[in-house]
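Number of protein chains: 2
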Amino acid sequence: RRATKTLDEEDSVVFVYDRRKGSEPERRIDLGGVFNYQTFRDRIRQEFNISSNTHFVITTTNRKEVNDDEYEDLVDSGDTLYILNHISQNLPAPAKERVEFLPHYDTLVKSGIYEYYASAGQNPLPFALAELIDNSLTATSDNLGPRSIELRLFLDESGDKSMICVIDNGKGMTSRQLNNWAIYRLSKFIRKEKKPKQNEDDEDGRPNTPTNESVPRSLTSDISYFGVGGKQAIFFIGQGTRMITKPKDSRDVHELTISKEEFERREKNREAIYSGFISNRPVGDARHLGSDEQNVKNLISEEVGKESFTHVIITGINPDHIHYLKHDFNGWCRQLAHIYHYYIHGPRGNEASGLGNKRPMSPFKNIDITVGIYDRGKTPRLISLRDIMDDMQTKYIRSAVDSFEFRAVVEGTGIVEGILRYHPFLYDKETFPIDSIPGAESDMDDGEYYKEDRPARGNRPIFECYWSGRLIPYTYVENFDWCSSPKKRGPIPTECYNRISGVLWTNDKFEVSTNKLTFIDLEVRLRDIKNTIFQKIVLGQAQRVKIDRQFHEWLRECHENYDKQVKFCGFEGTISRPEL
Amino acid sequence: RRATKTLDEEDSVVFVYDRRKGSEPERRIDLGGVFNYQTFRDRIRQEFNISSNTHFVITTTNRKEVNDDEYEDLVDSGDTLYILNHISQNLPAPAKERVEFLPHYDTLVKSGIYEYYASAGQNPLPFALAELIDNSLTATSDNLGPRSIELRLFLDESGDKSMICVIDNGKGMTSRQLNNWAIYRLSKFIRKEKKPKQNEDDEDGRPNTPTNESVPRSLTSDISYFGVGGKQAIFFIGQGTRMITKPKDSRDVHELTISKEEFERREKNREAIYSGFISNRPVGDARHLGSDEQNVKNLISEEVGKESFTHVIITGINPDHIHYLKHDFNGWCRQLAHIYHYYIHGPRGNEASGLGNKRPMSPFKNIDITVGIYDRGKTPRLISLRDIMDDMQTKYIRSAVDSFEFRAVVEGTGIVEGILRYHPFLYDKETFPIDSIPGAESDMDDGEYYKEDRPARGNRPIFECYWSGRLIPYTYVENFDWCSSPKKRGPIPTECYNRISGVLWTNDKFEVSTNKLTFIDLEVRLRDIKNTIFQKIVLGQAQRVKIDRQFHEWLRECHENYDKQVKFCGFEGTISRPEL
Ligand SMILES: Nc1ncnc2c1ncn2[C@@H]1O[C@H](COP(=O)(O)OP(=O)(O)OP(=O)(O)O)[C@@H](O)[C@H]1O
Ligand SMILES: Nc1ncnc2c1ncn2[C@@H]1O[C@H](COP(=O)(O)OP(=O)(O)OP(=O)(O)O)[C@@H](O)[C@H]1O
Ligand SMILES: [Mg+2]
Ligand SMILES: [Mg+2]
Chain X
1 RRATKTLDEE
11 DSVVFVYDRR
21 KGSEPERRID
31 LGGVFNYQTF
41 RDRIRQEFNI
51 SSNTHFVITT
61 TNRKEVNDDE
71 YEDLVDSGDT
81 LYILNHISQN
91 LPAPAKERVE
101 FLPHYDTLVK
111 SGIYEYYASA
121 GQNPLPFALA
131 ELIDNSLTAT
141 SDNLGPRSIE
151 LRLFLDESGD
161 KSMICVIDNG
171 KGMTSRQLNN
181 WAIYRLSKFI
191 RKEKKPKQNE
201 DDEDGRPNTP
211 TNESVPRSLT
221 SDISYFGVGG
231 KQAIFFIGQG
241 TRMITKPKDS
251 RDVHELTISK
261 EEFERREKNR
271 EAIYSGFISN
281 RPVGDARHLG
291 SDEQNVKNLI
301 SEEVGKESFT
311 HVIITGINPD
321 HIHYLKHDFN
331 GWCRQLAHIY
341 HYYIHGPRGN
351 EASGLGNKRP
361 MSPFKNIDIT
371 VGIYDRGKTP
381 RLISLRDIMD
391 DMQTKYIRSA
401 VDSFEFRAVV
411 EGTGIVEGIL
421 RYHPFLYDKE
431 TFPIDSIPGA
441 ESDMDDGEYY
451 KEDRPARGNR
461 PIFECYWSGR
471 LIPYTYVENF
481 DWCSSPKKRG
491 PIPTECYNRI
501 SGVLWTNDKF
511 EVSTNKLTFI
521 DLEVRLRDIK
531 NTIFQKIVLG
541 QAQRVKIDRQ
551 FHEWLRECHE
561 NYDKQVKFCG
571 FEGTISRPEL
Chain A
1 RRATKTLDEE
11 DSVVFVYDRR
21 KGSEPERRID
31 LGGVFNYQTF
41 RDRIRQEFNI
51 SSNTHFVITT
61 TNRKEVNDDE
71 YEDLVDSGDT
81 LYILNHISQN
91 LPAPAKERVE
101 FLPHYDTLVK
111 SGIYEYYASA
121 GQNPLPFALA
131 ELIDNSLTAT
141 SDNLGPRSIE
151 LRLFLDESGD
161 KSMICVIDNG
171 KGMTSRQLNN
181 WAIYRLSKFI
191 RKEKKPKQNE
201 DDEDGRPNTP
211 TNESVPRSLT
221 SDISYFGVGG
231 KQAIFFIGQG
241 TRMITKPKDS
251 RDVHELTISK
261 EEFERREKNR
271 EAIYSGFISN
281 RPVGDARHLG
291 SDEQNVKNLI
301 SEEVGKESFT
311 HVIITGINPD
321 HIHYLKHDFN
331 GWCRQLAHIY
341 HYYIHGPRGN
351 EASGLGNKRP
361 MSPFKNIDIT
371 VGIYDRGKTP
381 RLISLRDIMD
391 DMQTKYIRSA
401 VDSFEFRAVV
411 EGTGIVEGIL
421 RYHPFLYDKE
431 TFPIDSIPGA
441 ESDMDDGEYY
451 KEDRPARGNR
461 PIFECYWSGR
471 LIPYTYVENF
481 DWCSSPKKRG
491 PIPTECYNRI
501 SGVLWTNDKF
511 EVSTNKLTFI
521 DLEVRLRDIK
531 NTIFQKIVLG
541 QAQRVKIDRQ
551 FHEWLRECHE
561 NYDKQVKFCG
571 FEGTISRPEL
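As you go down the protein sequences, you meet chains X and A in turn. Using the working numbering, you'd call the opening residue of the first sequence number 1 and step up by one each time. Using the working numbering, you'd call the opening residue of the second sequence number 1 and step up by one each time.
With the rest of the complex left out, here is chain X (with noise of 0.2 Å):
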């Protein structure tokens, strides 16, 4: 049941104690027809019997008198006021005052603002729109056929008429669903509740659907969590949102739009702000649009012929996200194929196919994920998040020579994933690949090494961090007792502990904050050694012995097998060889 009424349609009353002695309740004085202080003073006269030689004084709660002055300021419909014998007089008894706390609207508006922050020097964008991706992975889980992710970006540095558009073929929202995504907060886990009697939602909000283990890397599609991450992505990126979709069962589509433009309107009028409109409309029918629209005209006549849909619209976008979008398309792209890395490659990663830079035909669980810009007058520049072969896994999947596996369960029900990788001293250098984000964390502490003397992973953690099979970008793990060098010297050289890097894939009961940017309790968790028991995993198997020997067991024949260090002695002079 929803609140149909709008601020203008109740009527003017205020509440009104008679404080001068006793503890009567209040009550409640209409204002229909009352434009001035002696009409009112006349009321509340007549109304509470006070003979017209009683001296009395009505005031705010906070004692400011009503009079003929500032009668206007101080009455509003829904304030409480007093009579009482004189302005400052004790209350004889409490008086309860009716006050509203709606959220303001910034709580919509601003949700993304301050909270998709640049760490070490990386511009949060792709972060936002990262979150816009697990709304539509989550949505193409059940697809049967291909799973598209599109993101569309018309980019016009010059006039407001940028937009960045996320179109997916999954299942599509209801309008009750679609009502529901704009509710902030309302999460998957509570939705149920908002209507017991209907099951609309139930497959929609699955809260109870026991963890499928057996799911490698907890790549489950299942990132849906808060019930914030759409909304903060979009007025991160935008000012604004038209929210399309269509599920399946329905011959409409629904159509809501949220702009900051709309809440300021109606709080200029003073009209209800969270009460809107969901158009529901044929497919493909676009004559509630103006001609400048031309490019979601466009996009509303490919409705026609999908079967279930969402497309997001973001519009206003800030100026400064166009410049980096246009600007540095490569970086960003890279960092998405970064955090879904395991969605577009599978489990195993990116390894090399054997078929050279040509990716494999067939996609992990049919997703594909393609970035699209259209910047005015130029050619457009497409790309499938697949075909990024310099993102920062890639790198580390290509350049390890040999890798190792290992499984935590952390109190019954956390299921942490992990690989350490090798990458080998190879004749004159370190082959630990470089982070080719600029001015990334890991950059930073480079500065204090002379070049030649830089160990492998510099003073990097060891592990970057999935949650659902997508990255976490700003927590790192520095590393583990078990694979940390050892206090004292050992028979494996240090610089061995410094050319692994690491990757741990968490399952959803790891808690992450609302931005997804970090984990809460991951570190603290898997340090408890009490209730966290690592494993070496071999051909999907747990093994019994000890990971600690397992681990020093790995690096030691890694080192051994590929560490190939190649010194020159006796310098004489350079020859030069012509028949090379």
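Source of the hints: derived by calculation from the structure; they are not laboratory data. Check before you lean on any hint, since a few could be wrong.
[What the hints assert, rightly or not] Subject to a maximum C-alpha distance of 27 Å in a straight line, what follows is the list of computed BS3-like cross-link-like pairs (lysine-lysine):
1. X/K248 / X/K161
2. A/K260 / X/K188
3. A/K161 / X/K96
4. X/K248 / A/K21
5. A/K248 / A/K64
6. X/K530 / A/K326
7. A/K21 / X/K297
8. A/K188 / X/K21
9. A/K530 / X/K326
10. X/K487 / A/K429
11. X/K21 / A/K248
12. A/K260 / X/K509
13. A/K96 / X/K297
14. A/K530 / A/K509
15. A/K429 / A/K487
16. X/K21 / X/K64
17. X/K260 / A/K188
18. X/K161 / A/K326
19. X/K297 / X/K378
20. A/K429 / X/K488
21. A/K268 / X/K96
22. X/K188 / A/K188
23. X/K96 / A/K297
24. A/K306 / X/K96
25. X/K248 / A/K248
26. A/K21 / X/K306
27. A/K96 / X/K306
28. X/K429 / A/K96
29. X/K260 / A/K509
30. A/K248 / X/K96
31. X/K248 / A/K64
32. A/K306 / A/K188
33. X/K260 / A/K96
[What the hints assert, rightly or not] Restraint ranges, calculated between C-beta atoms of paired labels, are given here:
34. A/G331 / X/P486: 26 to 34 Å
35. X/A542 / A/D528: 47 to 55 Å
36. A/K546 / X/R489: 38 to 46 Å
[What the hints assert, rightly or not] Just a sample of chain A residues kept apart from chain X, beta carbon distances all over 12 Å, derived:
37. R45
38. T60
39. I537
For each residue, glycine too, the CB sits at the ideal point set by N, CA and C.
Could you slot chain A with the ligands onto chain X? The hints should help.
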């Protein structure tokens, strides 16, 4: 003007479109007296003049047919419905559907839970407590006499009677301000616009006060910014709050309670979620409280005689917090002393006073922050934050032999003051202070070094960062070009660059995240060399000479004057000197 009607008062209606053909607007159908499908259908027929032999269906906007069985489930007040020829007919025209998308009350209740995240093993609870101290600092900034801020904790691990009070003698709140307090995201910058005709809020929301550039270390006490801090903190710490406040001019005390429990009750009863009551009552009047609330009663009895105050009472304390607060009392008090170091000790910090460990008599700006813990059956533990001598800033200040002050102006209005401190090598060891916070970031890297090789600062970044005088705990700035060791070995030994610690103080022209844990744009803007000017400051005066030259000169002098390395050669044996 506020909404005063609860949902229960509104009439039950649905909105119906006749979409068999045409594009007529919807009609509002009163459901008064309608209790089943037949009466409903009859009313529709009548309202739309549909003859009794005409076939039609009534459907939801998701095209579920309303019929005898499902009438109750499908039709709810406020819903939009269609009249169609048959269920899968095309819509001849769009149909608008009213939706409400009030933020879920988890916006408040869960606002803090995922926002205070643990970084590098630190418990974030002190940072939540800090939000409440921030508010008290702001509220007391105009006090003429002492500014007293007291954290009073009643901890009872066995029951649910624990409570945390933050008590200040600041300016308090009018009932309208208390109402505004509860509005999520209503920041001081927009508060004014709510009631343009009234200026009651003027002195409170002062976005237009020009920045007082002369406040050293930006210790402005003006730390309220987003309109979320108090609420986030309270619901991170516990499950509800009783806010009790009295402004100077008021005779009465204003009291507002908000709790998760109450939100849940309202949701269950389908009452308006964000409506409540402020209770206005005489000072010291505790008649509304039960006999089991002795601690609150005691606090209420303290109201008498206070000119103005705010008492924040947090209840439903998370048991993990209770444990931590009891068992790591020194640790979190030290954290608070670190966060507010320059508010407690003044712009120069906690320098050795010549009085031994005794604090100077007159505090900076009259600020006194005290913490008291009342553990059932034990003697209370009380401490003034000014008496803490082992917080990190005190250690940095007291182990430094010399300092280098500077200032950066960023894009004209962004002011950053800075200091570098030199911690010399003495005889056989570095004097750079070690972080006393167990598991804090700085400790983590140290494993990589064999004890004797450990460089002074380790891999830690140089600068801790304060915003408006209060620590932003998770942001560090690595270094600047002008104070990092040169790529080519220079005349100063490399180790010396590792013997400096530093602090940055910014004004509020730099952005922090809403949880005040991280800076958003500090590092990026400081590194933007085109718009940032660094200057050495000597006796308050900016120096003209280039800062990097000045810095290297200072560092060289520090090294020459203070580093003392003693090397014992030709060891012959240990000699005991019993005469000493
Ligand atoms: N592309 C989409 N297709 C279908 N449903 C969607 C889509 N995007 C969002 N939704 C629906 O809207 C809801 C709200 O999305 P939103 O991203 O704001 O929060 P969330 O995904 O539930 O949680 P999180 O805060 O973790 O992102 C989702 O739970 C989902 O039901
Ligand atoms: N102890 C107090 N005394 C007086 N007024 C207070 C006190 N605490 C809060 N307030 C009022 O309530 C408002 C809301 O507090 P809250 O901490 O939730 O947000 P904020 O301080 O405005 O912004 P931020 O998100 O930066 O903390 C404050 O701006 C202030 O006007
Ligand atoms: Mg989401
Ligand atoms: Mg605050």
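Evaluation of the provided hints:
At roughly 31 Å between alpha-carbon atoms, X/K248 and X/K161 are farther apart than 27 Å, so this suggested pair is violated. For the given pair, A/K260 sits about 19 Å from X/K188 by alpha-carbon distance, which is consistent with the 27 Å threshold. Pair hint A/K161 plus X/K96 holds up; C-alpha atoms about 26 Å apart against a cutoff of 27 Å. Between the alpha carbons of X/K248 and A/K21 the distance comes to roughly 24 Å, so the proposed pair stays at or under 27 Å and holds.
For the proposed pair A/K248 and A/K64, the alpha carbon gap of about 60 Å is over 27 Å, so the pair is violated. Taken as a hint, the X/K530 and A/K326 pair is honoured in the structure, with Cα atoms around 23 Å apart against an allowance of 27 Å. Only pairs whose Cα atoms come within 27 Å are accepted, and A/K21 paired with X/K297 is accepted, the gap being roughly 24 Å. Between A/K188 and X/K21, the direct Cα distance comes to roughly 37 Å. Violation of the 27 Å bound is thereby established for this hinted pair.
With a C-alpha separation of about 23 Å, the suggested pair A/K530 and X/K326 falls inside the 27 Å cut-off, and the hint holds. Between X/K487 and A/K429, the direct Cα distance comes to roughly 20 Å. Compliance with the 27 Å bound is thereby established for this hinted pair. Between the alpha carbons of X/K21 and A/K248 the distance comes to roughly 24 Å, so the proposed pair stays at or under 27 Å and holds. A threshold of 27 Å between alpha carbons decides the hint, and for A/K260 with X/K509 the separation of about 24 Å falls inside it, so the pair holds.
At roughly 19 Å between alpha-carbon atoms, A/K96 and X/K297 fall within 27 Å of each other, so this suggested pair holds. At most 27 Å may separate the alpha-carbon atoms for a hinted pair to count; A/K530 and A/K509 meet this at roughly 18 Å. The hinted pair formed by A/K429 and A/K487 meets the criterion: a straight-line CA distance of about 26 Å does not exceed 27 Å. For the hint pairing X/K21 with X/K64, the CA-to-CA distance comes to about 19 Å; that is within 27 Å, so the pair holds.
Between the alpha carbons of X/K260 and A/K188 the distance comes to roughly 19 Å, so the proposed pair stays at or under 27 Å and holds. Our distance criterion of 27 Å between C-alpha atoms is broken by X/K161 and A/K326, whose separation comes to about 57 Å. Taking the CA atoms of X/K297 and X/K378, the gap is about 20 Å. The hint holds against a cut of 27 Å. Simply put, A/K429 and X/K488 have alpha-carbon atoms about 21 Å apart, close enough for the 27 Å limit, and the pair holds.
With a C-alpha separation of about 23 Å, the suggested pair A/K268 and X/K96 falls inside the 27 Å cut-off, and the hint holds. Taking the CA atoms of X/K188 and A/K188, the gap is near 33 Å; set against the 27 Å cutoff, the hint is violated. Among the hinted pairs, X/K96 with A/K297 is consistent with the structure: their alpha-carbon atoms are about 19 Å apart, no more than 27 Å. Among the hinted pairs, A/K306 with X/K96 is consistent with the structure: their alpha-carbon atoms are about 22 Å apart, no more than 27 Å.
Simply put, X/K248 and A/K248 have alpha-carbon atoms about 62 Å apart, too far for the 27 Å limit, and the pair is violated. The suggested pairing of A/K21 with X/K306 holds, with an alpha-carbon distance near 25 Å, which does not exceed 27 Å. At roughly 22 Å between alpha-carbon atoms, A/K96 and X/K306 fall within 27 Å of each other, so this suggested pair holds. Under the criterion of a C-alpha separation no larger than 27 Å, the hint pairing X/K429 with A/K96 is inconsistent with the structure, at around 66 Å.
Between the alpha carbons of X/K260 and A/K509 the distance comes to roughly 24 Å, so the proposed pair stays at or under 27 Å and holds. A threshold of 27 Å between alpha carbons decides the hint, and for A/K248 with X/K96 the separation of about 20 Å falls inside it, so the pair holds. Our distance criterion of 27 Å between C-alpha atoms is met by X/K248 and A/K64, whose separation comes to about 13 Å. Taking the CA atoms of A/K306 and A/K188, the gap is about 26 Å. The hint holds against a cut of 27 Å.
Proximity of X/K260 to A/K96 is assessed by CA-CA distance (about 21 Å); at most 27 Å being required, the pair is judged to hold. For the hinted restraint 26 to 34 Å between A/G331 and X/P486, the CB-CB distance of approximately 30 Å keeps it satisfied. Take X/A542 and A/D528: their Cβ atoms lie about 51 Å apart, and the range 47 to 55 Å holds. Between A/K546 and X/R489 the Cβ separation comes to about 45 Å, which falls inside the hinted range of 38 to 46 Å.
For A/R45, the requirement that its beta carbon stay farther than 12 Å from each beta carbon of chain X is met, with the minimum near 23 Å. The claim that A/T60 lies off the interface is violated: its Cβ sits roughly 8 Å from the closest Cβ of chain X, which falls inside the 12 Å cut-off. The Cβ of A/I537 lies farther than 12 Å from every Cβ of chain X, with a closest approach of about 25 Å, so its non-interface assignment holds.
Checked against the numbered hints given earlier, this structure breaks hints 1, 5, 8, 18, 22, 25, 28 and 38; the rest are met.
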